[in-house]
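*Asks:* Quick note, the sequences are listed as chains A and B, same order. Here the first sequence stands for residues 71 to 586, numbered as in my numbering. Here the second sequence stands for residues -4 to 265, numbered as in my numbering.
No lab work stands behind these hints: they were computed from the structure. Yeah, the Cβ is synthetic: ideal placement off N, Cα and C, and Gly gets one too. Don't take each hint at face value.
[Said to hold, decoys possible] Quick partial rundown of chain B residues pointing at chain A, CB under 10 Å, derived from the structure:
#: 1; residue: Asp25
#: 2; residue: Gln71
#: 3; residue: Ser247
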Amino acid sequence: MDDLVKTAPCGFLEFADDGTILAANPMLLEVLEYQPGELEGRSINLVLSVPGRIFYQTHFFPLLKLHAKVEEIYLSLRSKSGRDVPVLLNAARRERDGAAVNDCVLIPIQQRSQYEDELLRAKKAAEEATQAKDDFLALVSHELRTPLNAILGWVRMVRTEELDEEIVKRALETIERSAKSQAQLIEDILDFSRIISGKLRLDVGRVEPVDVIEASLDVVSPAAEAKGIRLRSVLDPRAGPISGDPDRLQQVMWNLLSNAIKFTAKGGEVQVRLERIHSHVEISVSDTGQGISAEFLPYVFDRFRQANSTGSKRHGGLGLGMAITRQIIELHGGSIRADSAGQGRGATFAIELPLMIIHNRKHVSPTTAEQASFTGRQNEPLSRLPRLDGLHVLLTDDESEARELLSAVLKRSGADVTAVATVAEALEKLQLTKPDLIVSDIEMPGEDGYSLIRRVRSLGKAEGGTTPAIALTAHARFSDRMRALSAGFQMHVSKPVEPAELVTLVANLTNLRLSL
Amino acid sequence: MNRKILVRNNVNLLGNGTQPMMFAHGFGCDQNMWRFVTPAFEDDYRIVLFDYVGSGKSKLHAYSPERYSSLNGYVQDVLDICTALDLSNIVFVGHSVSSMVGILASIQAPERFDRLILVGPSPCYINDPPDYVGGFERADIEGLLDMIDKNYIGWASFLAPVVMKNADQAELTQELQESFCSTDPQIARRFAEATFFSDNRKDLAKVPVPSLIMQCSDDAIAPLAVGDYLHQHLPESVLRVMQANGHCPHMSHPEETIQIMQNYLTESRT
């Protein structure tokens, strides 16, 4: 062996076609823990790991024999004490004294090998994540298109055909239901994007869990009734208060309850329990529905997941609800778990939330949009909403259709409405008619809603400068809500406006008693 | 259709004889591995060489993960070629996993086969204690899959998609050929799984034709016990333990390989 090979800072190995080792340099011997002379004449299998032997026989040797060289082969060797030694090697084949010899240069790559393991893991995870997002995007498109098709289809029918009143009524119901479901989808997507960007924020106040649960039960009871599902509640009114965002907790309860109803067959039962356990409250929602298989249980709260994709077609939805639910609960310092005895045997979702530590602190009344919109009456018919008789509302919206719709909603509840299209007109009418309340769109050409409210707030009290105001915007983002509130609005409603929500907010804001 | 199959599997025909001798390569390589033994049979046989879909210069666009997730997909390749060339009375020479492919093909279409020559065969690579020694534990095979991943690391991100889309461009195929015997890492992985996780012990008794088992004396992939097991369970089988060691005697010891094959074929004729 040349001196150069002896002192080279890399391993050197020479072997014959039948695998007999002909030479090994000191560095290789050291790495593999053998003494000089110990390897010559032995089989190359001795220094290969078991997987390494298979790779040698199936890839390395055939390639070397056919191409007379191989480059950048990763192989794991085995040391005398049985340790795996990952190496990178190049090999070349030559004739010597009429026989073939194979020369290899080997570089041990322990750290690089670990790094490659990590890289491969990261690569696979990234590929899976991309796939999940692609699937999700496809699902979102499908889910958004479905209600849209219903809306467009019915609208075309109503516009082009002579339909009797009954069918028109049904058409409008379908359109409304479809639009609502689409609004809910968009809400979910926005929530989800807040979650992934870490921007989901809570507007925290003192919350009585029993109120949140009862309000949610009110909302879902029509759906339960329609399916003949019995809703039972066992609520301990002393379990509370907790510190939390009532809007978000309401969303969680609504999600758990509507899921329970969705996955429970006709005639089943859904039960809500609220109890105090040590220093936390536990809220559980149990159903007698289709249950969750043991394989799916660990993934219930994962994004984009829904038990078997064929089933997802049957139930629709984006599979985001549970991921959002968990995120909200965790932001509250709580936890959520799912249990099921298996498919067909019902499921239980249990939430733990910490009790509020200081019970007697003065509570700040809910005046922000977040809290005030917590009404739980989104499905109420207008007739059951608070009356706005004698109330004068100044409505500003540049879009005539929106203006007409909102005017109609407010007028139906008894309000007098002055509707205008521009900020200038609004300021003029404010002085003239002295309204009790302003409702204004934010996005308007020229001067917008922010400008309007700033100019209103700069006026004196006698000129209407303190008139309460509600902002309407198409963006439901947290930052948009914050901007509206800080500009001088008292409340914020995102479009499309729920008539019930608007009426309730107007009533709340003008301190009218709810005449339920 | 026939032509399509011949192109798909890169079928090459040589030799001056009439009886077909079909050579099937093992996992990790392609038909080139036979080039040291085929010249010895060219005068007496019609030699059929091919690459399985996913190996060598086969057409990658014909690859389907479903079809090739078990050995049966590879068996179909062999039978497709037999049909396309209308072969019968075949001497089938299979290396390693192709021994099992040949066994399964002969059970499915006994009328096409004369006999089987099995080079380094194993009906089951995983140990099944207490009665069967295959030579490997599942963890060893997982280690092999890991090694495949790492050796194809550049492939996965760069070469594979290019080649898959331009399967007809010669220079790319050329590059593929020289960078590795096998192809796409996903294909290599699936072939490894189909090979090393297969268990064809129950099929051995059904083989309708005589066979020669060429067992190397020191084979890390098919130990001596496996050769004995095959000999016991294959009807009309002859076991020859070679002086050659390793798993590829047709490449490392072509003379001995040729000699044993010729002796077997001559003896079986008389």
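*Asks:* Against this structure, judge whether each hint is valid.
*Replies:* Results for each hint:
Hint on B:Asp25 holds. Least Cβ distance to chain A is approximately 9 Å, under the 10 Å limit. The closest approach between the C-beta of B:Gln71 and any C-beta of chain A is roughly 22 Å, which is over the 10 Å cut-off, so the hint fails. Satisfaction of the interface hint for B:Ser247 is found here, the shortest Cβ-Cβ separation to chain A being roughly 5 Å, below the 10 Å cut-off.
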